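Letter by letter, the chains look like this.
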Amino acid sequence: MSIRLEHLNYIYSPKTAYEKHALKDICLEIPDGEFVGIIGHTGSGKSTLIQHFNGLIKATDGKLFYNEENIYEPGYNMKNLRNEVGLVFQYPEHQLFEIDVMTDVCFGPKNQGLSTEECKERALIALELVGLKEKYYHSSPFELSGGQKRRAAIAGVLAMRPKVLVLDEPTAGLDPKGRDDILDQVAYLHKQTGMTVILVSHSMEDIARYADRIIVMNHGEVMYNDAPRAVFAHYRELEQAGLAAPQVTYIMHDLKERGLPVDISVTTVSEAADEIMKALGGKDLGNTAAENRALRNRTPEAGALSNKTLEKIR
Amino acid sequence: MSMIQAEKLVFEYEKRDEDGNVVGTSRAIDGVDIDAREGQFVAVLGHNGSGKSTFAKHLNAILVPTDGTVWVDGRNTKEPEELWHVRQAAGMVFQNPDNQIIGTVVEEDVGFGPENLGVPTDEIWQRVEESLKAVGMISYRHHSPNKLSGGQKQRVAIAGVVAMEPKCIVLDEPTAMLDPVGRKEVLKTVQRLREEKKVTVILITHYMEEVVDADKIYVMDHGKVAMEGTPKEIFSQVEKLKEYRLDVPQVTILADELKRRGLDIPAGILQKEELADCISSMILQDNSQRTEMDG
Amino acid sequence: MIRDITIGQYYPAKSVLHRLDPRVKLVSTLLYLVSLFLFRSIAGYLTATLFLIGIIRVSKVPVGYIVKGLKPVVMLLMITVVFNLFLKKEGEVLVQVWRLSVTTVGLRNAVYMAVRLIYLIIGSSLMTFTTTPNELTDGIEALLSPLNKIRVPVHEVAMMMSIALRFIPILLEETDKIMKAQQARGADFESGNIMQRAKAMIPILVPLFVSAFRRANDLAMAMEARCYRGGEGRTKMKPLRYKGRDLTAYGIMSAYVIAVVAIGRYVPLKVWIF
Numbered sequence: 001m002s003i004r005l006e007h008l009n010y011i012y013s014p015k016t017a018y019e020k021h022a023l024k025d026i027c028l029e030i031p032d033g034e035f036v037g038i039i040g041h042t043g044s045g046k047s048t049l050i051q052h053f054n055g056l057i058k059a060t061d062g063k064l065f066y067n068e069e070n071i072y073e074p075g076y077n078m079k080n081l082r083n084e085v086g087l088v089f090q091y092p093e094h095q096l097f098e099i100d101v102m103t104d105v106c107f108g109p110k111n112q113g114l115s116t117e118e119c120k121e122r123a124l125i126a127l128e129l130v131g132l133k134e135k136y137y138h139s140s141p142f143e144l145s146g147g148q149k150r151r152a153a154i155a156g157v158l159a160m161r162p163k164v165l166v167l168d169e170p171t172a173g174l175d176p177k178g179r180d181d182i183l184d185q186v187a188y189l190h191k192q193t194g195m196t197v198i199l200v201s202h203s204m205e206d207i208a209r210y211a212d213r214i215i216v217m218n219h220g221e222v223m224y225n226d227a228p229r230a231v232f233a234h235y236r237e238l239e240q241a242g243l244a245a246p247q248v249t250y251i252m253h254d255l256k257e258r259g260l261p262v263d264i265s266v267t268t269v270s271e272a273a274d275e276i277m278k279a280l281g282g283k284d285l286g287n288t289a290a291e292n293r294a295l296r297n298r299t300p301e302a303g304a305l306s307n308k309t310l311e312k313i314r
Numbered sequence: 315m316s317m318i319q320a321e322k323l324v325f326e327y328e329k330r331d332e333d334g335n336v337v338g339t340s341r342a343i344d345g346v347d348i349d350a351r352e353g354q355f356v357a358v359l360g361h362n363g364s365g366k367s368t369f370a371k372h373l374n375a376i377l378v379p380t381d382g383t384v385w386v387d388g389r390n391t392k393e394p395e396e397l398w399h400v401r402q403a404a405g406m407v408f409q410n411p412d413n414q415i416i417g418t419v420v421e422e423d424v425g426f427g428p429e430n431l432g433v434p435t436d437e438i439w440q441r442v443e444e445s446l447k448a449v450g451m452i453s454y455r456h457h458s459p460n461k462l463s464g465g466q467k468q469r470v471a472i473a474g475v476v477a478m479e480p481k482c483i484v485l486d487e488p489t490a491m492l493d494p495v496g497r498k499e500v501l502k503t504v505q506r507l508r509e510e511k512k513v514t515v516i517l518i519t520h521y522m523e524e525v526v527d528a529d530k531i532y533v534m535d536h537g538k539v540a541m542e543g544t545p546k547e548i549f550s551q552v553e554k555l556k557e558y559r560l561d562v563p564q565v566t567i568l569a570d571e572l573k574r575r576g577l578d579i580p581a582g583i584l585q586k587e588e589l590a591d592c593i594s595s596m597i598l599q600d601n602s603q604r605t606e607m608d609g
Numbered sequence: 610m611i612r613d614i615t616i617g618q619y620y621p622a623k624s625v626l627h628r629l630d631p632r633v634k635l636v637s638t639l640l641y642l643v644s645l646f647l648f649r650s651i652a653g654y655l656t657a658t659l660f661l662i663g664i665i666r667v668s669k670v671p672v673g674y675i676v677k678g679l680k681p682v683v684m685l686l687m688i689t690v691v692f693n694l695f696l697k698k699e700g701e702v703l704v705q706v707w708r709l710s711v712t713t714v715g716l717r718n719a720v721y722m723a724v725r726l727i728y729l730i731i732g733s734s735l736m737t738f739t740t741t742p743n744e745l746t747d748g749i750e751a752l753l754s755p756l757n758k759i760r761v762p763v764h765e766v767a768m769m770m771s772i773a774l775r776f777i778p779i780l781l782e783e784t785d786k787i788m789k790a791q792q793a794r795g796a797d798f799e800s801g802n803i804m805q806r807a808k809a810m811i812p813i814l815v816p817l818f819v820s821a822f823r824r825a826n827d828l829a830m831a832m833e834a835r836c837y838r839g840g841e842g843r844t845k846m847k848p849l850r851y852k853g854r855d856l857t858a859y860g861i862m863s864a865y866v867i868a869v870v871a872i873g874r875y876v877p878l879k880v881w882i883f
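Top line first, the protein sequences correspond to chains A, B and C.
The first sequence: position 213 = 213 (our numbering), numbered continuously.
In our numbering, each number is its position in the second sequence, counted from 1, plus 314.
In our numbering, each number is its position in the third sequence, counted from 1, plus 609.
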């Protein structure tokens with residue numbers, strides 16, 4: 001079970017003055033259950049790429065296999081693909097339209113042809129998953145705050161029970177707290193349900209914290225496709241591609257150049273602190289490995305799910 | 315001289331029910347004192363809903379205080395006859411680059427402000443050219459704003475404000491919707507304007523790395539000023555900043571973490587180089603101590 | 610894709626047409642449109658065609674780009690053609706299908722109507738291609754300024770038009786995005802009867818309106834912040850002043866109108882194809 005792209009090309013407005021080769025010969029595989037980060041500057045093709053995953057954009061040529069089936073074969077069930085690969089667009093709250101949050105979240109399941117009760121049940125679970133408080137379920141989506149609207153919109157996709165969740169810049173425009181809340185919630189969801197998560201972001205810091213693997217897009221091509229530490233090792237090239245490695249990467253490289261024997265591949269603050277302490281030969285007072293694990297596995301503030309709910313979604 | 319001065323500023327929104335009747339008020343700003351002197355770079359930090367954007371709108375008399383006073387360039391924003399002077403003195407750049415560009419061609423947009431001020435035609439052209447040069451967008455003067463990147467659009471918006479020759483520029487989260495490249499572009503432009511035109515800059519943001527060179531920082535929370543001071547003073551209080559839901563730069567967190575673990579690092583480190591210097595000086599010390607012992 | 614609509618958009622190029630005073634272009638476009646209905650002969654059509662080709666060449670706007678602008682009106686064209694084709698009862702019957710018949714007059718009218726419509730669209734889009742919306746509204750404002758005397762808010766109307774034009778591409782892009790997002794949630798815009806399809810538009814229209822209002826709000830604030838207070842006391846960056854070429858253009862335009870009327874009436878080239 002996976003998404004696999006073979007020599008995928010996409011050209012915008014072909015044979016016109018605005019022709020643009022947006023994706024060039026992309027070969028990728030995203031196996032089930034992975035947490036993948038896609039990063040790239042604006043116009044690098046990352047948004048175009050993810051819209052291929054659920055067939056919203058059809059490749060100019062090349063193949064896209066979902067669960068070993070080429071989705072471009074005639075007769076392929078596109079509707080089913082869209083049910084399995086949920087796509088949350090940038091600023092998803094701009095797509096809310098129903099009279100209340102509950103009804104809006106039900107829109108997806110309703111389109112899947114489920115009964116009203118089933119829609120409701122799924123919507124309730126989805127709203128619980130994104131940590132939106134119950135008192136908002138029957139408010140108009142337009143009355144919520146920015147962060148809450150975004151949760152409601154993400155719930156709208158989760159209610160369709162996708163096996164793969166693709167999020168395009170889910171934290172754009174949110175403040176740090178809102179950003180951490182959403183990302184923690186997504187990470188928690190990933191861990192609890194084993195859902196594949198594809199996270200598109202500008203922020204290296206965010207991706208470093210959550211992703212197992214990073215795909216770097218540059219000018220419509222895959223520039224790197226590797227574990228975070230391996231990708232950040234190319235921090236100079238990343239900079240040229242209009243991206244930046246996490247700040248700690250720079251500090252560690254700087255220190256190494258100045259003769260401090262540190263491991264330059266660390267990606268988070270606490271790992272960096274460990275390294276520096278070790279290199280300075282000081283007695284380390286912290287217990288970072290454990291802290292780090294706790295950080296990764298921290299339960300989102302909005303609350304863990306009840307066992308009953310978890311059972312239902314697994 | 316004070317360029318911007320808010321004294322015991324209070325602003326209340328009216329809450330209305332479905333029929334439009336007032337059912338109560340909600341305080342967005344609650345007794346704020348903020349002061350920016352001529353030529354200063356003052357930053358106002360705060361998370362979404364802290365009241366910082368509401369504050370920004372007072373500097374341009376888009377909102378007027380419910381209570382307290384705001385002076386811009388020595389004029390009270392509450393006085394209707396001062397309105398146009400206030401707006402000309404304090405130019406404003408907003409968050410969404412698309413929703414503040416009026417012209418369909420870059421140069422026409424930059425000319426919009428001076429046109430409203432009744433500036434003679436020849437001078438408009440001169441101002442447009444100068445401001446586009448100041449933000450580095452002169453080569454795009456005939457382009458449509460729709461084809462520009464987010465950072466470029468914001469620079470055009472800044473040029474539009476500069477062309478009005480304000481004494482002070484207020485930027486209300488100008489980078490919130492941009493990618494890292496765009497953010498850098500905008501910040502560099504603002505810095506250049508500060509150096510070349512000596513304008514007062516008020517930057518409203520929630521990104522702390524954008525305010526490391528500020529002369530003064532105010533942190534807002536729940537409509538009040540929660541902290542004020544120089545960047546050093548503010549950034550040395552990492553725990554408190556996190557409490558106010560601000561994005562503390564990784565360097566500052568790392569420095570704080572190392573300090574907690576017993577390293578002798580000064581509080582309030584803001585720059586990568588600063589931290590690296592600090593740590594490498596420790597290696598040198600370490601080495602010299604060792605040499606002494608060996609000797 | 611919706612984004613491909615080019616009609617009403619400005620096409621940046623450096624041509625004499627681009628540099629002309631917008632008032633000249635507005636008046637000329639109007640004259641051209643009227644002229645299309647002043648003749649009924651092949652010779653007239655030939656003159657109008659030659660003139661249009663000439664203008665297209667001068668404008669430096671690629672022909673492909675112009676043709677693309679016709680795409681969205683194809684439906685309208687078809688309807689007009691069909692109406693003209695079947696509703697004219699005069700003339701010789703060419704084809705008879707059930708109770709509908711196509712006559713020579715019907716066919717001729719249909720072809721002429723289609724040509725007229727196409728020229729009408731090309732003619733007016735040439736104006737928008739070569740005139741920035743700001744110039745266009747300046748032109749309209751200047752031409753309509755006499756109406757100020759009878760208290761028509763000419764400046765405000767012109768400003769509204771210019772803003773509308775600026776936001777059309779943004780809102781089109783937004784529509785595209787919203788459609789895709791709703792499709793990702795399983796929305797189906799393609800199947801079903803008219804009622805179902807109309808209902809399927811709600812998830813697009815509501816967010817679009819919300820967004821348009823949000824933008825309008827932001828924009829109003831941004832305009833106020835830049836000291837906008839209506840037309841009074843406002844100077845212009847690009848004030849309209851007639852230059853030599855504008856007068857020449859008026860001359861050429863008058864010559865064309867006279868020619869087309871004269872040729873259409875008096876040149877005996879009345880070779881009907883049918």
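Hints were generated in silico from the structure; no laboratory data involved.
Predicted, not measured: the structure shown is a model, and the values here were computed from it.
One thing to keep in mind: the hints can contain errors.
Pairs of lysine-lysine residues, derived as DSBU-like cross-links and limited to a Cα-Cα distance of at most 35 Å, are as follows [stated by the list, open to error]:
1. K546(B) <-> K278(A)
2. K135(A) <-> K786(C)
3. K758(C) <-> K15(A)
4. K63(A) <-> K845(C)
5. K329(B) <-> K133(A)
6. K191(A) <-> K163(A)
7. K481(B) <-> K546(B)
8. K511(B) <-> K573(B)
9. K392(B) <-> K502(B)
10. K79(A) <-> K789(C)
11. K163(A) <-> K502(B)
12. K808(C) <-> K135(A)
13. K786(C) <-> K498(B)
14. K498(B) <-> K623(C)
15. K461(B) <-> K786(C)
16. K63(A) <-> K461(B)
17. K133(A) <-> K392(B)
18. K758(C) <-> K847(C)
19. K852(C) <-> K447(B)
20. K502(B) <-> K24(A)
21. K447(B) <-> K680(C)
22. K177(A) <-> K133(A)
23. K758(C) <-> K461(B)
24. K845(C) <-> K498(B)
Hints, one by one, checked against the model:
1. At roughly 27 Å between alpha-carbon atoms, K546(B) and K278(A) fall within 35 Å of each other, so this suggested pair holds.
2. Pair hint K135(A) plus K786(C) holds up; C-alpha atoms about 30 Å apart against a cutoff of 35 Å.
3. At most 35 Å may separate the alpha-carbon atoms for a hinted pair to count; K758(C) and K15(A) exceed this at roughly 51 Å.
4. Only pairs whose Cα atoms come within 35 Å are accepted, and K63(A) paired with K845(C) is rejected, the gap being roughly 56 Å.
5. A C-alpha spacing of about 22 Å is found between K329(B) and K133(A), which places the hinted pair at or below 35 Å, so the restraint holds.
6. Among the hinted pairs, K191(A) with K163(A) is consistent with the structure: their alpha-carbon atoms are about 13 Å apart, no more than 35 Å.
7. Between K481(B) and K546(B) the alpha-carbon distance is near 27 Å, which keeps this suggested pair within the 35 Å criterion.
8. For the given pair, K511(B) sits about 40 Å from K573(B) by alpha-carbon distance, which is inconsistent with the 35 Å threshold.
9. With a CA separation close to 34 Å, the supplied pair K392(B) and K502(B) stays within the 35 Å bound.
10. Straight-line distance between C-alpha atoms of K79(A) and K789(C) comes to about 13 Å, which keeps the hinted pair within the 35 Å bound.
11. Restraint check for K163(A) and K502(B): not satisfied, since their Cα atoms lie roughly 43 Å apart, outside the 35 Å limit.
12. Using a Cα cut-off of 35 Å, the hinted pair K808(C) and K135(A) holds, with the two alpha carbons roughly 29 Å apart.
13. Of the supplied pair hints, the one linking K786(C) and K498(B) holds, its CA atoms being roughly 27 Å apart against a limit of 35 Å.
14. Proximity of K498(B) to K623(C) is assessed by CA-CA distance (about 34 Å); at most 35 Å being required, the pair is judged to hold.
15. For the hint linking K461(B) to K786(C), the alpha-carbon distance of about 17 Å falls within 35 Å, and the restraint holds.
16. In summary, the hint linking K63(A) to K461(B) is supported, as the alpha carbons are separated by about 31 Å, within the 35 Å threshold.
17. Proximity of K133(A) to K392(B) is assessed by CA-CA distance (about 40 Å); at most 35 Å being required, the pair is judged violated.
18. A hinted pair counts as satisfied when its Cα atoms are at most 35 Å apart, and K758(C) with K847(C) qualifies at roughly 24 Å.
19. Restraint check: the Cα-Cα separation between K852(C) and K447(B) comes to about 29 Å, which is no more than 35 Å; the hinted pair holds.
20. With a C-alpha separation of about 33 Å, the suggested pair K502(B) and K24(A) falls inside the 35 Å cut-off, and the hint holds.
21. With a C-alpha separation of about 40 Å, the suggested pairing of K447(B) with K680(C) is violated against the 35 Å cut-off.
22. As the CA atoms of K177(A) and K133(A) are separated by approximately 17 Å, the hinted pair is consistent with the 35 Å bound.
23. Using a Cα cut-off of 35 Å, the hinted pair K758(C) and K461(B) is violated, with the two alpha carbons roughly 40 Å apart.
24. Using a Cα cut-off of 35 Å, the hinted pair K845(C) and K498(B) holds, with the two alpha carbons roughly 34 Å apart.
Hints 3, 4, 8, 11, 17, 21, 23 from the earlier list are contradicted by this structure; the remaining hints agree with it.
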